[in-house]
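Protein sequences appear in the order of chains E and H.
Residue numbering for the first sequence follows our numbering, starting at 627 and increasing by one per position.
Residue numbering for the second sequence follows our numbering, starting at 627 and increasing by one per position.
No wet-lab data here; the hints were simulated from the structure.
One or more of the hints may lead you astray.
Heads up, the list lumps identical chains together, so a pair's fine if it works in one copy or across two of them.
[Stated by the list, open to error] Keeping only pairs whose Cα atoms sit at most 30 Å apart, straight-line, the calculated DSS-like set for lysine-lysine is:
1. Lys784 / Lys651
2. Lys777 / Lys651
3. Lys777 / Lys887
4. Lys749 / Lys889
5. Lys713 / Lys681
6. Lys869 / Lys722
7. Lys755 / Lys781
8. Lys660 / Lys749
9. Lys889 / Lys660
10. Lys755 / Lys660
11. Lys660 / Lys634
12. Lys714 / Lys755
13. Lys810 / Lys722
14. Lys918 / Lys634
15. Lys714 / Lys839
16. Lys918 / Lys810
Small disclaimer: the values here were computed from a predicted structure and weren't measured.
2 protein chains.
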Amino acid sequence: MINQLITKIKETGAPIVVGLDPMLKFVPEHLKKKAYAEFGETLEGAGEAIWQYNKEIVDNIYDVVPAVKPQIAMYEQFGIPGLVVFKKTVDYCKQKGLVVIGDIKRGDIGSTSEAYAVGHLGKVTVGSKSCYGFDEDFATVNPYLGSDGVKPFIKICKEEKKGLFILVKTSNPSSGEFQDRLVKAQAAEEQSVGQGSLPDRPLYEIVGEQVAKWGEEHMGDSYSYIGAVVGATYPEMGKILRKIMPKSYILVPGYGAQGGKGKDLVHFFNKDGLGAIVNSSRGIIAAYQQEKYASFGPEHFGEASRAAVLDMKKDIGEALDS
Amino acid sequence: MINQLITKIKETGAPIVVGLDPMLKFVPEHLKKKAYAEFGETLEGAGEAIWQYNKEIVDNIYDVVPAVKPQIAMYEQFGIPGLVVFKKTVDYCKQKGLVVIGDIKRGDIGSTSEAYAVGHLGKVTVGSKSCYGFDEDFATVNPYLGSDGVKPFIKICKEEKKGLFILVKTSNPSSGEFQDRLVKAQAAEEQSVGQGSLPDRPLYEIVGEQVAKWGEEHMGDSYSYIGAVVGATYPEMGKILRKIMPKSYILVPGYGAQGGKGKDLVHFFNKDGLGAIVNSSRGIIAAYQQEKYASFGPEHFGEASRAAVLDMKKDIGEALDS
Numbered sequence: 627m628i629n630q631l632i633t634k635i636k637e638t639g640a641p642i643v644v645g646l647d648p649m650l651k652f653v654p655e656h657l658k659k660k661a662y663a664e665f666g667e668t669l670e671g672a673g674e675a676i677w678q679y680n681k682e683i684v685d686n687i688y689d690v691v692p693a694v695k696p697q698i699a700m701y702e703q704f705g706i707p708g709l710v711v712f713k714k715t716v717d718y719c720k721q722k723g724l725v726v727i728g729d730i731k732r733g734d735i736g737s738t739s740e741a742y743a744v745g746h747l748g749k750v751t752v753g754s755k756s757c758y759g760f761d762e763d764f765a766t767v768n769p770y771l772g773s774d775g776v777k778p779f780i781k782i783c784k785e786e787k788k789g790l791f792i793l794v795k796t797s798n799p800s801s802g803e804f805q806d807r808l809v810k811a812q813a814a815e816e817q818s819v820g821q822g823s824l825p826d827r828p829l830y831e832i833v834g835e836q837v838a839k840w841g842e843e844h845m846g847d848s849y850s851y852i853g854a855v856v857g858a859t860y861p862e863m864g865k866i867l868r869k870i871m872p873k874s875y876i877l878v879p880g881y882g883a884q885g886g887k888g889k890d891l892v893h894f895f896n897k898d899g900l901g902a903i904v905n906s907s908r909g910i911i912a913a914y915q916q917e918k919y920a921s922f923g924p925e926h927f928g929e930a931s932r933a934a935v936l937d938m939k940k941d942i943g944e945a946l947d948s
Numbered sequence: 627m628i629n630q631l632i633t634k635i636k637e638t639g640a641p642i643v644v645g646l647d648p649m650l651k652f653v654p655e656h657l658k659k660k661a662y663a664e665f666g667e668t669l670e671g672a673g674e675a676i677w678q679y680n681k682e683i684v685d686n687i688y689d690v691v692p693a694v695k696p697q698i699a700m701y702e703q704f705g706i707p708g709l710v711v712f713k714k715t716v717d718y719c720k721q722k723g724l725v726v727i728g729d730i731k732r733g734d735i736g737s738t739s740e741a742y743a744v745g746h747l748g749k750v751t752v753g754s755k756s757c758y759g760f761d762e763d764f765a766t767v768n769p770y771l772g773s774d775g776v777k778p779f780i781k782i783c784k785e786e787k788k789g790l791f792i793l794v795k796t797s798n799p800s801s802g803e804f805q806d807r808l809v810k811a812q813a814a815e816e817q818s819v820g821q822g823s824l825p826d827r828p829l830y831e832i833v834g835e836q837v838a839k840w841g842e843e844h845m846g847d848s849y850s851y852i853g854a855v856v857g858a859t860y861p862e863m864g865k866i867l868r869k870i871m872p873k874s875y876i877l878v879p880g881y882g883a884q885g886g887k888g889k890d891l892v893h894f895f896n897k898d899g900l901g902a903i904v905n906s907s908r909g910i911i912a913a914y915q916q917e918k919y920a921s922f923g924p925e926h927f928g929e930a931s932r933a934a935v936l937d938m939k940k941d942i943g944e945a946l947d948s
């Protein structure tokens, strides 16, 4: 799947993933009106509105980007009807040839992580049959519980040739509260490099090193199936993490609405022009609400999203060229 | 809700939460046979089997424990039909008067955490209506993203008088990989205690301190609505964390199947005999598969679960008395 993602990035020339994170305030009134008329102001009505919204966006972008990243929280907030739309969205995007990164940020102890991995990336055994639950291509994972929370995901990824993006340094303002804390080197680490006293380093670097190690367990042709999440809002840290995890694809959130700019992104890429895929969510899916794309009007919100993707591609392309 | 949980703990004399973590290997053959005959060897068939299994366990324990903790991963592995059963289980347990702790370990950046909080603890606005998604009483939360990943949960908890248990030191063998790393004190921390050089401390203590601070924002009568998760498998760390978070209820997983024993638990409680609630999952729900309770037979698995709860209550009671 990492090979397929890279092939599609090369084909489209767009190291871009569109975050399908529908909030009702992004959905144009005409879609909400129609959905509520049919299903009422209910969870089902909300589900129908976001499904029609997603579908039109996907129809307008599927040929210019390699991947989408539905954020499951935005569906889970609508309970079961929301999750039904999450599943429909995953299936529809795959039909359209898009790589689907499930932004689920799961992570638990061993057998529980395995259940999440089975549900999102693998298949579950029921009697003599195997059944797929959500069946995304990649999933994001939270590493706070350590190796035995992550390895069950890797096991399923190996079976299914799927991949992960593990949280290393997140894009939000308070990500430093724990992730940036300076950590002492352990004796084993000092022995392994033959040095008496290694300097203190931020936790995200330690996590990044672990991601690189996990990545060696499941390599694709040129990059690992096991990638990392590093926020565009922290370009200097991205530079260091790029070196710590040379074979890990980096999923970079935080571009656009969260403040990350094209020029901030260069450090996340390797010299081969690969190694990173940049996410934009509301900057694309709610483009029609921005002044820049307002002329499309709410009726043509999908076309506004396409224009925003093409502008983003240009912005990143120029930054990488310079 | 924390007041209600404490009242129910006092009433039952059982600081116990039963983990409703159904795996198909725990479900007696007669239930699976019946469910598969009706729905086939499908996700729906698996869902029906675990629903009937849960229901019989709940019917046998609801009057002797204060709370249950369904682990959502065990439902999510069966896709939408599994999550439908998660929701049915939450609703059924609440009808039976049980406090429901959704073991969801969610956590993300601000607006996304808010969507999770809304979906699991609050209500979502659809047009002019408010709708409940999953509607548990408490949820577990992963703190890796820092305050702006946690505060949206606290905001919704305040609105709904609900609570959280935040991961501090998890019960799994590799939890130390990141959680135990020794962290340097920050200048602000040293200034706040007026000391020039504070000693290095493990990350879980830093997270524990933050939980105590977050807890002050949403206090119940004697304990905070914001609790912590600390594994029974690490009793010495539990002792320290008990002091760091005196007003936080501690949810203690790892008793039983994971190796934690009654005597390990005493440090998690305060002198008032309160402050902790101990989880057991397979030790209770799959009790009939243990030699000790085998005489009940698979047909009477619910009664075996009740017997296991009563034995656990005795074990903890004796440990606390001594």
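Evaluated hints:
{"no.": "1", "hint": "Lys784 / Lys651", "in the structure": "between (39 Å within a copy, 24 Å between copies)"}
{"no.": "2", "hint": "Lys777 / Lys651", "in the structure": "between (38 Å within a copy, 22 Å between copies)"}
{"no.": "3", "hint": "Lys777 / Lys887", "in the structure": "between (34 Å within a copy, 27 Å between copies)"}
{"no.": "4", "hint": "Lys749 / Lys889", "in the structure": "neither (41 Å within a copy, 40 Å between copies)"}
{"no.": "5", "hint": "Lys713 / Lys681", "in the structure": "both (13 Å within a copy, 27 Å between copies)"}
{"no.": "6", "hint": "Lys869 / Lys722", "in the structure": "neither (34 Å within a copy, 55 Å between copies)"}
{"no.": "7", "hint": "Lys755 / Lys781", "in the structure": "within (20 Å within a copy, 44 Å between copies)"}
{"no.": "8", "hint": "Lys660 / Lys749", "in the structure": "between (36 Å within a copy, 22 Å between copies)"}
{"no.": "9", "hint": "Lys889 / Lys660", "in the structure": "neither (41 Å within a copy, 61 Å between copies)"}
{"no.": "10", "hint": "Lys755 / Lys660", "in the structure": "between (40 Å within a copy, 16 Å between copies)"}
{"no.": "11", "hint": "Lys660 / Lys634", "in the structure": "neither (35 Å within a copy, 46 Å between copies)"}
{"no.": "12", "hint": "Lys714 / Lys755", "in the structure": "both (22 Å within a copy, 25 Å between copies)"}
{"no.": "13", "hint": "Lys810 / Lys722", "in the structure": "neither (48 Å within a copy, 49 Å between copies)"}
{"no.": "14", "hint": "Lys918 / Lys634", "in the structure": "within (28 Å within a copy, 57 Å between copies)"}
{"no.": "15", "hint": "Lys714 / Lys839", "in the structure": "neither (35 Å within a copy, 41 Å between copies)"}
{"no.": "16", "hint": "Lys918 / Lys810", "in the structure": "neither (48 Å within a copy, 46 Å between copies)"}
The earlier numbered hints that this structure contradicts are 4, 6, 9, 11, 13, 15, 16.
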